[in-house]
Every structure is written in C-alpha cells, then in structure tokens.
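Chemist: Quick note, the sequences are listed as chains A and B, same order. Position 531 (the first sequence) corresponds to 531 in this note's numbering; numbering is contiguous. Position 61 (the second sequence) corresponds to 61 in this note's numbering; numbering is contiguous.
Simulated from the structure, these hints should not be mistaken for laboratory data. Glycine included, every Cβ here is placed at the ideal spot set by N, Cα and C. It cannot be assumed that every hint is accurate.
[Unchecked claim] Pairs of lysine to any residue, SDA-like flavour, derived with a Cα cap of 25 Å:
{"no.": "1", "chain 1": "A", "residue 1": "K588", "chain 2": "B", "residue 2": "K2"}
{"no.": "2", "chain 1": "A", "residue 1": "K201", "chain 2": "B", "residue 2": "S128"}
{"no.": "3", "chain 1": "B", "residue 1": "K116", "chain 2": "A", "residue 2": "G647"}
{"no.": "4", "chain 1": "A", "residue 1": "K201", "chain 2": "B", "residue 2": "G67"}
{"no.": "5", "chain 1": "B", "residue 1": "K116", "chain 2": "A", "residue 2": "A50"}
{"no.": "6", "chain 1": "A", "residue 1": "K356", "chain 2": "A", "residue 2": "A50"}
[What the hints assert, rightly or not] Coverage of chain B stretches by chain A, computed from C-beta distances (three or more under 8 Å per stretch; other residues unrestricted):
{"no.": "7", "region": "4-16"}
{"no.": "8", "region": "38-52"}
{"no.": "9", "region": "59-73"}
One-letter residues, chain by chain:
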Amino acid sequence: MIARDGEITLGLSQPEVGQGSYTVLPQILADELDADWQRVKVRFVTGRDAYKIAFKNEPPVQKEGASMSTTVLYARLRTAGAQAREVLIRAAADHWKVTADQCRADKGFVVGPQGQRLSYGALAAAAAKLPLAASPPLKQRADFALIGKPLARLDTVAKCTGTAVFGIDVVVPGMLYGAIQSAPSFTGSLTAIRNEAEILKLPGVRAIVRLPAVHVANEEPGSQHPGTAQSPRHNAVCVVADRFWQAKRAAEALDLVFDPGAGGDLSTAKIDGLLQTAMMADKTVTAVETGRPREILQERASSIIERRFTVPHVTHAPLEPVNATASWKDGAVEVWGPIQAVATCQDAIVASLGIKADAIKLNVTFLGGSFGRKIVPDYVVQAVHASKAVGRPVKLIRTREQDLRHGIFRVNAGGRFRAVLDQRGYPLAVQARVVGQSLFGATRKSWLDQTPEGAWDESMVDGIYNQDYRLPNFLVETVDTPLPVPVYFMRSVGSTAAVFFWESFISELAHRAGIDQYIYRRELLADNPLALRVLDAVAEAAQWKSPPTSGMARGISYNCYVGRGGRFRTYVAQVVELEPVGDRLAVKRVFCAVDPGLTVNPNTLTAQIQGGIGFAMTTALLSRITFANGGAEQSNFLDYPLLAIDGMPEIVPIILPSDRPPQGFGEVVLAPLAPAIAQALLLASGRRIDSMPLPAAAFRRPT
Amino acid sequence: MKLSLRINGAARQVEVDGDTPLLWVLREELGLLGTKFGCGAAFCGACTVLMGDVPVRSCSLPVSEVGDGAVTTIEGIAGREAMAVQRAWIAGDVPQCGYCQSGQIMGAIALLKATKRPTDSDIDQAMSGNLCRCATYVRIREAIHAAARDLEGPR
Numbered sequence: 001m002i003a004r005d006g007e008i009t010l011g012l013s014q015p016e017v018g019q020g021s022y023t024v025l026p027q028i029l030a031d032e033l034d035a036d037w038q039r040v041k042v043r044f045v046t047g048r049d050a051y052k053i054a055f056k057n058e059p060p061v062q063k064e065g066a067s068m069s070t071t072v073l074y075a076r077l078r079t080a081g082a083q084a085r086e087v088l089i090r091a092a093a094d095h096w097k098v099t100a101d102q103c104r105a106d107k108g109f110v111v112g113p114q115g116q117r118l119s120y121g122a123l124a125a126a127a128a129k130l131p132l133a134a135s136p137p138l139k140q141r142a143d144f145a146l147i148g149k150p151l152a153r154l155d156t157v158a159k160c161t162g163t164a165v166f167g168i169d170v171v172v173p174g175m176l177y178g179a180i181q182s183a184p185s186f187t188g189s190l191t192a193i194r195n196e197a198e199i200l201k202l203p204g205v206r207a208i209v210r211l212p213a214v215h216v217a218n219e220e221p222g223s224q225h226p227g228t229a230q231s232p233r234h235n236a237v238c239v240v241a242d243r244f245w246q247a248k249r250a251a252e253a254l255d256l257v258f259d260p261g262a263g264g265d266l267s268t269a270k271i272d273g274l275l276q277t278a279m280m281a282d283k284t285v286t287a288v289e290t291g292r293p294r295e296i297l298q299e300r301a302s303s304i305i306e307r308r309f310t311v312p313h314v315t316h317a318p319l320e321p322v323n324a325t326a327s328w329k330d331g332a333v334e335v336w337g338p339i340q341a342v343a344t345c346q347d348a349i350v351a352s353l354g355i356k357a358d359a360i361k362l363n364v365t366f367l368g369g370s371f372g373r374k375i376v377p378d379y380v381v382q383a384v385h386a387s388k389a390v391g392r393p394v395k396l397i398r399t400r401e402q403d404l405r406h407g408i409f410r411v412n413a414g415g416r417f418r419a420v421l422d423q424r425g426y427p428l429a430v431q432a433r434v435v436g437q438s439l440f441g442a443t444r445k446s447w448l449d450q451t452p453e454g455a456w457d458e459s460m461v462d463g464i465y466n467q468d469y470r471l472p473n474f475l476v477e478t479v480d481t482p483l484p485v486p487v488y489f490m491r492s493v494g495s496t497a498a499v500f501f502w503e504s505f506i507s508e509l510a511h512r513a514g515i516d517q518y519i520y521r522r523e524l525l526a527d528n529p530l531a532l533r534v535l536d537a538v539a540e541a542a543q544w545k546s547p548p549t550s551g552m553a554r555g556i557s558y559n560c561y562v563g564r565g566g567r568f569r570t571y572v573a574q575v576v577e578l579e580p581v582g583d584r585l586a587v588k589r590v591f592c593a594v595d596p597g598l599t600v601n602p603n604t605l606t607a608q609i610q611g612g613i614g615f616a617m618t619t620a621l622l623s624r625i626t627f628a629n630g631g632a633e634q635s636n637f638l639d640y641p642l643l644a645i646d647g648m649p650e651i652v653p654i655i656l657p658s659d660r661p662p663q664g665f666g667e668v669v670l671a672p673l674a675p676a677i678a679q680a681l682l683l684a685s686g687r688r689i690d691s692m693p694l695p696a697a698a699f700r701r702p703t
Numbered sequence: 001m002k003l004s005l006r007i008n009g010a011a012r013q014v015e016v017d018g019d020t021p022l023l024w025v026l027r028e029e030l031g032l033l034g035t036k037f038g039c040g041a042a043f044c045g046a047c048t049v050l051m052g053d054v055p056v057r058s059c060s061l062p063v064s065e066v067g068d069g070a071v072t073t074i075e076g077i078a079g080r081e082a083m084a085v086q087r088a089w090i091a092g093d094v095p096q097c098g099y100c101q102s103g104q105i106m107g108a109i110a111l112l113k114a115t116k117r118p119t120d121s122d123i124d125q126a127m128s129g130n131l132c133r134c135a136t137y138v139r140i141r142e143a144i145h146a147a148a149r150d151l152e153g154p155r
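Just chain B, same shape as in the assembly (with noise of 0.2 Å):
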C-alpha cells in the first residue's frame, strides 16, 4: 500500500506491505540506518523512535498504524532535551558495542521532554525497557542526570 509518512519533519512517501513494522520502513525503504532491529517484540527498546513526544517500539508498529504521528528518529533529533541528552552521552562516553544506544538515547529523550529533573527511581522506571547486553547502565544513568542539569543551566 502507498502511505505517506512524517518521519523527521518531512514527509516521506512509502510504497509497503501494510502490515510492515514501521522500523523496517525506516531500515530499507527510508535508508534510516541507525534505530536497530534487537528482539522483533518490544522487549529489548533498540528500535525506540519518538511519536511525538512518546517512544514507541518500532519493530511492534505496523507502518499502517502510524498515520499523521510525527516520528523522530535517532538521525532527527533536535530541541533542547535531545541535544543535552546528546551531549551528555558523548561526555559520557556512554557506549561499548553501542548497537542499543540509538534507542536508549531516545528513551532518554522521551522521559527528560516528561520530567524535568528525573530521579534514580524515574529513570529505573522510564528505561527499563531499553537493554544494553553490554551493561552501560551506569554511564547511562549518569548521563541522564548530566542532561537534565545541563537543562536546568546554571544556577
């Protein structure tokens, strides 16, 4: 089926399989290479894009489903939350293998846009759906309280 999709503020013309999850149109129709396939069942969060402001799991999403829902992609990103979210990765030195962090940069985008300044126990909650085989947890964590103090700016 002929659909046309919103995908990173522009809209994007897709011929498909309706039934196709949406992380395979960004995959190989769109060239959007860097939100990853890891389970194919919404358990592991590699494939996390934004639909609006919400992450969603890609690899679950029939491309049928998304409609006029503006999504975002790791290749997308913009606004203040997802740039301090970046930068805070980067200083972090937040990635091993690296292969789930597209998603968990998402993830981390998604709770700071919700909560200003999260707690251990926000974040545990927000992120636990994003597995990292490689364990960068910490770094992780740290990296999302760097971000939201960096949102705040100085004091």
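Bound-form chain A, shown alone (with noise of 0.2 Å):
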C-alpha cells in the first residue's frame, strides 16, 4: 500500500521467528518497486490466497517452514515490485503526456523526459487504476540497489527498546488469564477433577475448564499414532482468572485424577529397545539402492566396517513460551498470537469447535522463537476452548513446564552403517540404515515414499538418501518405531540425527584408510564442483593443510541441504576447532562456507549462520528428552539447558558467490556440527562418539 505522503507499507505473510523474514522479503519487493527504503514500513497480514504457498505437490496455504520463505517468494515479490513500478511510471508517463519509456522510477519518484519529478504517493491512485503486465521487465543483477545489500533490520529497533509485539504482549480489552496443567502421559485422559469447588474459591479464579485434546499436527489427522488420535478425551484443564499468576497457582494447586491411557507404559529404556530391535532387524524398507551393494557386503562380509548411533528426543523450546489469546464471541473467533502457519492453526480450530473458517480472524504476532514448534497451534486451540467457555477474551500462557513436558518434540533415531572399502581406502559398497520414529509417518502419511515393501520417510535419511559423496554400491534403508510421542518438524528436522550418523561414519572410513578427512571428503566430491567449493572454501580458511597448533583438535565435515521437493540445494562445509581449557577440550572457533546462491542480505544470512551454529552446540552438546510413565521427564531449562554466552565458539563465516537464485537457509548451517566435533575429537583421542549428545566425557583432554 502505498499513502499520499509516500510511506509504503508492505503486507508481510510470512512470520517473523528471527529467520529475518521481516526485513528480507520487503528488501526484494522495494527494489524491483524501486522504494525509498527509508519509508517502507512492514504489517503482518493473513487471510488472502496470494500469501499461500506449496513446497511440493501439497495445496498451497499460509505457513513458513522448511526455509522456503525466500526460495519460493523470490520470483513472486520481483515481479509484484516490478508491476508497481510499472504502472506508477505509466500513471506518470500519462500525466505528462510522454510515454512510458521517456521515464523511470528513481527510489520512490518517477523522473520524466525533463527532470520533471512526481512522487510514488501523488500517483498511487492514478496507477491503482491501470492493469497489471503479467511479466514486467525485471532488474538485471547489476542494477540491484537493496537485494545483496546488508541492511539492517526492520525489526532491530523495536526489539531493542521492548516495543515489539510478541503473543505474550497481546493485550484486548476485558481479558482474562488462562494457564494448564496437562495429563502426565500423552495419551492421558482426564477422570476427575477432585477439588473443583475449592478452586473456584481461590483469588481471581472465575472457571475451570475442561480441554480437549488436539491433534499434534492436524492437517492429517488419520495419520496420528492411535493412542493419541482417541476422541473425544480431554487431556488438560485449564484455570481462567483475573491475572495469570493467579490463573497459574490455581492450576498447579488443581487435584487432577487422569487415565494414562494406551501409552502409559512409555519409557525411554523401552524406546531405546525399540531402535536397537530395528537397528537389527530382517525387514526393512530400501529407499535407495545403487549398484550391488548386498552382494559385495555379503561377499566381503569378513572385511566389513560398522559403526551404530543413536540420537534421542529433542525438543525446541523457544523462548517465548507457547501463548495465545482468543475471543470468542457468537460463534466467532479473533485470535493473536505467535503463530507461524496461519493455515494450521485455522484448520485446527475448525476441526476442535466445529466452526467455519470464515468465522475465525487470525492475527499474527513476532514470534519469540519458535522452530518448528508453532506451527502446532495445540495451544492456540486450548485458548480459543478457554475463552468459548467463559464468554471473554482469555490469554492462555504456558508455564515452561507446561511447554516443555507437556510440548512437542523432534523425533529420535539410530543409524547402522556397514561399508566395505576398496583398495584405495575409498567406499566400495555401503549399507546406511536409519530406524526410529518416523515424522511424517506419525503426521503427515501423504508425504511418506511408497515402494513395495512399504512406505519410507525422507526425513529420517536427509542427507543420506540424497547424499553427494561417489559411491558405487549404495542401500539406503528405514525401519519405523511408531511411538506415542507428540513430534512434529524442529529446525533441520532429520537431517541433524543423519548428518550425525552419516559423516561420522564417512570420518570413520577416513581414519580407518588412513586418508586426511579433508582429501578423502574431496576425492568422493570430485565430480561435484559447488561442493568441491565450499570444501575447499572451508579448507582454505581454516589453514586445513597446516598441522593444528599444540593441543588443538580439528574436524571437517559437508552437507548440501535440499529444500523438500529438490526446491533448493544449498552447500556447507565446516571446520571446528576444540581447544583446552583446563583438563578438556572446548569447541573455540567454527569455520562455516556456504553456497546460499545469490544473498539477498550479507547481515541476515551471517546471523543464520552464527545463531545456527549456536542453536547446533546445544543439539549436540545438551539437549536430552527422556521419558517415564508415558511422558517426558524434563521441564525447564535446569534439566533441559540450552547454550549459554559462554559455551559460544568464535565464528567464521564465508559467503561464497553465486549466480544461482536465492536457496533455502535457516536450517542448513546445523547439521554438520556434531560430525565435526566429533571427528575433531577421534583424531585427537582415538574416542568413538556413538550418540547426541556428545557424552561429556568425550572431551576429557588425551593424556
């Protein structure tokens, strides 16, 4: 939209998690416009089809995820920048009566054949009327003049001063207070509530509500585990009053009787014997399969390499914690809140409240983190119930533990790998299985890979069945360990769990041939020249080929991401360097190259590649969920920390040029961390690391 004094203001679909949407996608529709930056102002908007969009073969809708939003809007946002610019320059090229090519745009100004200037706000109304060109001429590269600029954030200042709107910050006029407590097990059903009459007497207490309970991800509700997809049970209760410390107290002091359902027995010993029955396992599902590879590990069988790992729960624990506030008023529903697919989370309102989804208006917040975990609109649903049942707007707050235990998480894995090599040293056949739960079997079927044996689940193998390395004999295979566990899509989603087991093995290969992890790496790479030079990139500023300093422990590692669907390929290689501190090693510097394609801007994508890092350390260091009587044991960030200032390494990144078109980027930085600290530490000790987190004591300095 653009006004008369010429501030425009740009209607944003995508949410703000910190992935720098908000600035980003503006930048490339203001330089096709050819905007004065300076007046560009951004809104977050829903409810239009032109803001939905598919990965794949799937119906378009409103979402971010997958680190599409820039991959998939590039084309589309040049081209709406492009047809403005048109028709404001036709509306001038009218009004003085010259045509259109004797003028051009000139940062938020058409200058005519004589200087002569008019402003984009004195003719938005003349070209609000005029036709769009379905194909306007777009910029070459060279006349950018915001795209690949480092420009500062749109939303820097307001972050910066406590002005920014986060859910948590959402204020409607007449609200209440709403917090939970939630059934201990994920299959639970509440029985009774044995002191009701005793809470409503509490201070500020004015309902107690009974929730039901909400499909994790509920775009295919039939694919949930069917312990968790029985309906209707009510799974939590939610106590509403006047401020949410009162709501809070009241919850906690809420004497709550529950069914723990088919569940109950859930444990993590009992998952971890799950993945190593399939880790052995006869039946498996075969996803790739190259060359002769069970032949020649069969024949060869007495020179076999193998190496197994595990990798457990996580979850993403943002730090705003899961919030909504919901007004229900006849029938239908306006809603605010930290919501990063809008789509979902009015699916899931239809499917809970049996409402239309033209009675429901969603507005959407900055997210304070999210990571996957809100596109689950769980607690969005539970505010909606909350406020339906008391006739007001309610603000529905998570405590963290209420987050955290009773959340979403990412699934967990173990991975057999079997090679034998050739005379060189090199894989001749390799045999990679990946087992565990499987996300899009637990909540999305209609994106699983079917073939004869059955159906496999691309995420448990990214990086794997898709992988770069020359390997002439190849099996790539799955087994799924359905569990009860709510999971849904964390950050990087497979690809850190079999990245992790992949390059460890690879690194494995390596040092059992006796071959530098860096030459060894090229040598399989060779056919591939943009991952031969983020390799070599990496290699080069990390002074690779120079002996590490006295004490230093080295790794290297590659992954190219693929965006779902093949939408993008982006490459990454890293170096890590641990070094002493007292008696053990510590993770100082990270060397990180990345071919992103064209950067649309220096200082967002340096961010991702610094925070990426960051959030990798606490996957590969810390973060472990366990279960017990059908739920998970953590619930705060004293069990379950997160990176602290002063576990950051130093880093260093290197942005290589493209001419390829923008690629995916807010995941891909992650996956090769863990590989490389762990390698780092093989070559330093002789220590096999076999499972996430790296165990502590791995990092013990070598004596």
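Dock the two chains into a complex; use the hints.
Modeler: And the structure:
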C-alpha cells in the first residue's frame, strides 16, 4: 500500500521468528519497486490466496517452514515490485503526456524526460486504476539497489526498546488469563477434578475449563498414532483468572485424576529397546539401492566396517513459551498470537470447535522463537476453548514446565552403517540404515514415499538418501518404530541426526583408510564442483593443510541441504577447532563456508550462520528428552539446558558468491556441526562417539 | 495487598497478592510489557530488570520483597551506560527473534556499570544467565565491547 505521503506499507505473509523475513522479503520487493527504503513499513497479513505457498505437490497454504520463504517468494516478490513500478511509471507518463519509456523510477519518485518528478504517493491513486502487466521486465543483478546489501533489520529498534509485540504481549480489553495443567502421559485422559469447588474459591479464579485433546499435526488427523488420536478425550484443564499469577497458582493446586491411556508405559528404556531391535531387523524398507551393495557386503563380510549411532528425542524450546489470546463471540473467534502457520492454525480451530473457517480471524504477532514449534497450534485451540467457556477474551500462557514437558518433540533415531573399502581405501559398498519414530509416519502419511516393501520417510535419511559422495554400490534403508510421542518438524528436521550418523561414518572410513579427512571427502566429491567449492573454501580459511597448533583438535564436515521436493540446494562445509580449557577440550572456533545462491542480505545471512551454529551446539552437546510413565521427564532449563554465551564459539562465516537464485538458509548450517566435533575428538583421542548429545567424557583432554 | 513501588523513577501504587512475582506486576498491573516471561525460575534471564544497579530476575522476586528498591525496566533505561548499550545493540543488529533481548540489554547495562572495560571472561561470567535460543551471542559479545569503547570516548 502506498500512502499519499509516500510511505509504503508492505503486507508480510510470512511470520518473523528471528530468521529475518521481516526485512529480507520487503527488501526484495522494494528493490524492484525502486522504493525509498527509508519509507518502507511492514505489517503482518493473513487471509488472502496471494499469501499461500506450496513446498512440493501439496495444496498451497499460508505458512512458513522448510526454509522456503525466500526461495519460493523471490520471483513472486520481484514480479509484484516490478508490476507496481511499471504502473507508477505509466501513471506519471499519462500525467505528463509522454511515453512510459521516456520515464524512469528513482527511489520513490518517477522522473520524466525533462527531469520533472512525481512521488509514488502522488501517483498511487492513478496507478491503482491501471491494469498490471503479467510479466513486467525485471532488473538485471547489476542494477539491484537493495538486494545483496547488508541492510539493517527493520525490527531491530523495536526489539531493543522493548516495544516489539510478541504473542505474550497482546492486550485485549476485558481479557482474562489462563494457565493449564496437562495429563502426565501423552495418551492420558482426564477422569476427575477432585477439588473443583475449592479451586473456584481461590482469589481471582473465574472458571475451570476441561480442554479436549488437540491433534498435534492436524493437517492429517488420520496419521496420528492410534493412542493419541482417540477422541473425544480431555487431556488438560485450564484455570481462567483475573491475573496470570492467580491462574497459574490455581492450576498448580488442581487435584486431577488421569487415566494414562494406551501409552502409559512409555519409557526411555522401551524406546531404546525398539531402536536397537530395529537396527538389527530383517525387514526394512529400501529407500535407495544402486549397484550391488548387498552382494558385495555378503561376499566381503569379513572386512566390513560397522558403526551404530543413536540420537534421542529433543525439543524446540523457544524462549517465548507458547501462548495465545482468543476472543470468542457469537460463534466467531478472533485470535492473536505467535503463529508460524496460519493455515494449520485455522484448520485446527475448525476441527476442534466445529466452526467455519470464515468465522475465524487470526492476527500474527512477532514470534519469540519457534524453530517449528509454533506451527503446531495446540495452544491456540486451548485458548479458544477457554474463551468460549467464559465468554470473554482469554490469554492462555503455558508455563515453561507446561510448554516443555507437555510440548512437541523432534523424533529420535538410530543408525547402523556398514561398508567395505576398495584397495585405495574409498567406499566400495555402503549400507546405511536409519530407524526410529517416523515424523511423516506420525504426522503426514501423504508425504511418505511408497514402495512395494512399504513406505519410507525421506526426513529420516535426509542428507543420506540424497547425499553427494561418489558411492558405486549404495543401499539406504529405513525402519519406522511408531511411538505415542507427539512429534513435529524442528529446525533442520531429520538432517541433524542423519548427517551426524553419515558424516561420522565417513570420518570412520577415512580414519580406517589412513587418509586425511579433507582429502577423503574431496576425492568422493570430485565430480561435484559446487560441493568442492565450499569444501575447499572452508579448508583454505581454516588452513587445514597446515597442522593444527599444539593441543588443538580439528574436524571437517560437509553437507548439501536439499529443500523439500528438491526446491533448493544449499552447500555447507565446516571446520571446528577445539582448544584445551583446563582438563577438557572446548569448541572455540567454527569456520563455516556456504553457497546459498544469491545472498539477498549478508547481514541476516551471517546472523543465521552464527545463530544456527549456536543452536546446533545446544543439540550436539546438551539436549536430551527422556521418558517415563508415558510422558517426558524434563521441564525447565535446569534439566533441559540451552547453550549460554560462555559456550559460544567464535564463528568465521565464508559466504560464496553465486549466480543461482536464493536458496533456503534457515536450517542448513546445523547438521554438519556435531559430526565435525565428533571427528575432531576421534582424531585427537581415538575416541569414537556414537550418540548425541556428545558425551561429556569424550571431551576430556587426551593424556 | 497495597504496595507502593518505585518503577522507572516514578512512584506506582498497585494492589496485588503479595506473592505475585515482580514480573507479573510490571506486565499486567503497570503495562510494562518489555520485560519477558521465559522460565519462571530464574534460569533464563528474559525477565531481567535492574534493582538499583543490580540485575535481578523479576520472575522469581515476590513483589512484597521489592520494598523501596528502585526498579528499572527496558522502558525506563537512562544514563550513559544504558544509552551506549542500546546504541551498540541497534548498530550491531543484535536481535533475531528478539524475545530475550530486553533481559540481555539489562544484563549488559549492569555489567558496564560495574566493569568499565569487561574482558571476554567478564562477559561470560556476567551474561551466562541470559539465554538466547537464537544464539545471538556473537553479536551480544561484540555489542558489549562496542558499548565499552563508546563509553571510554575518543582516545
């Protein structure tokens, strides 16, 4: 929208979760529009078809995820900007009675043949009446004024002055506050509230509301594990009060009785047992088979190199706990909140409340972190039920404990890898098996790849089934071990586990072959110039060819992150350096070379490299969810710690120029970190690491 | 209970349950929403405010214990150190999601009031209780050093 005074407001369909869409997407449009960047404002918008995107073959919806926003919207935003510029120029040409090609755009003005100028604000009304060109001419890269520049983020000032409005900051007149208590087990249902009358008498308490269970990934409710899909059941209770503290205290004082349900015996021991069994199972689903891997492995059984790995469930833990404010009135509802996927949220309200989609109005705020968590709208649906029950607006806030213990998790995984090497020491045949709870199996059966043997989930083997190393005989297999754990996509999805397994196994093979880790990977990527480019760039920056300084441990890793449906390919290589600190080794520096296609904004991209590696540090070193009695055991940052500033390494980003359009970036730097650290420890001490979080004992300095 | 508090240089009267943490009084009674709720147990630092010059976790401080302590929130920061920190934070484009940043800024102000030219190790010690899930730590460290240089003025 262009105002008369020349201020341009861009509607942003994508949420801002910290990734920088609030700046980068407007930057693309404003460049083609030739807007004055100082006059650009942004607001979040919902509700129109133009805001919808698809990742692969599925119907388009309004959502953010899979690192797709810039990749998918780049061309659309440029076209929109160019269309608007074109009608503004035509409007000016009409006014001056000249032809459009005698005029040009210049930072919010159209300049005519005699140098006369009209502002976009003055032209907007006339331009709006002109038909848009279907495919207006786009700028050449050399003519970009904003794309490629390290522009400051548009949301920084608000976030440094405390004025940015997150979901938790929404204020609606007359609103009450809600706090919940949830069933201890994922399959639990409420059978009784023993002290309802007493709780209702506590200060400020207005109501006690039984909350129906919400499908975790409601896009395909049929996909849910049977234990979690049974309906109707109530699995949480909300206390509504005048103030949040009153609601929280009252909720904690509730004396609730739950039936643990079919998954009440879920435990970490049980889950680990399933993983170990699946790793050795006879029946698997083949995802990839090239050459004669089975035959060669059988023929040369005595020289097989084998490694097994596991990673636990982990969770997103955004710093803003999930929360939402809902206002129910006469069968319609308005919602404000930190919502990552508008469409998913709307569908969930429709499914749970039985109202029509057009009776729902959603307002998206800034998100205080998400990493995939705030796509799942369980907390929004709970707020709507609470508001409906009391007939007033309710802001429902989960405490950290309710957010973490009763939240959404990333799947676990196990890996069993076998190989034989050729005479030179390079892989002749490789068998890669990944097992564990299947994310797609639990939440999106339609995304599974079907084979005659059964279905496989590409996210389980992401970075393996589509890996880049030259392997003449290659077998990739999966085994799904369904669990009643509510799971959903988490930043970098399956690749954090799969690439840890895969790169650790490649490290093992190089180590056994007695070949330098960089040279080994280089040889296996010899046919792939883009892969070699990032690998060489990181090795050069880190001076890999010179021996490490005394006491230093070093590791190198590579991954190409392939976007959903092959929509993008982002190449990443890392070198980590560990230095002695007391009697331990600590990660002190990470070099990270990336080929992200065209870099729209080097400033936000660099932040993604720095922050992505910090996020990966938490997963690599600290994160583990354990289970007992059907539920998760961790509840706050004491038992689910996050990396703090004292553990943050120095980051050296190396951003390579590229002729390709922008590729996805929000998730790509995470996966290579853990295997690079594990390799450094292997080279320094001979210790083999087969699990995440990397065990603390592995970081003891070698004697 | 009725309480009189000193918030951002002004006397404010509130009537709340005495065990209510200062955080919720700031947010819900006084409308000061820049101070955030992260964990409710003083593990994450998102709720950090200053009491005098000392950083405190307002999520775990019952309002009845605030007494006549001078409380400063992100909305009320003033003075040389505060302005230097805020400038450095903006110039360095520190935030990503931004949720923890009010607390980070309060922590950095307290550090610079106590230590004119903090070392990396001073920063680690003072700031390790302020978690950032986006891991903007590289920029937080740079911004603190930049603010310290700024405070020393041109040499």
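Chemist: So, for every hint listed, does it hold in this structure?
Modeler: Right, here's what the structure says about each hint:
1. A:K588 to B:K2: 51 Å, violated
2. A:K201 to B:S128: 41 Å, violated
3. B:K116 to A:G647: 23 Å, holds
4. A:K201 to B:G67: Answer violated: K201 (chain A) to G67 (chain B) is near 29 Å, above 25 Å.
5. B:K116 to A:A50: Roughly 52 Å between the alpha carbons, so the hint for K116 (chain B) and A50 (chain A) is violated.
6. A:K356 to A:A50: Between K356 (chain A) and A50 (chain A) the Cα gap is close to 21 Å, so the pair holds against 25 Å.
7. 4-16: violated (count 1)
8. 38-52: holds (count 7)
9. 59-73: With 1 residues in contact (Cβ-Cβ under 8 Å with chain A), the coverage given for the region 59-73 of chain B is violated.
In this structure, the earlier hints numbered 1, 2, 4, 5, 7 and 9 are contradicted, and the remaining ones agree with it.
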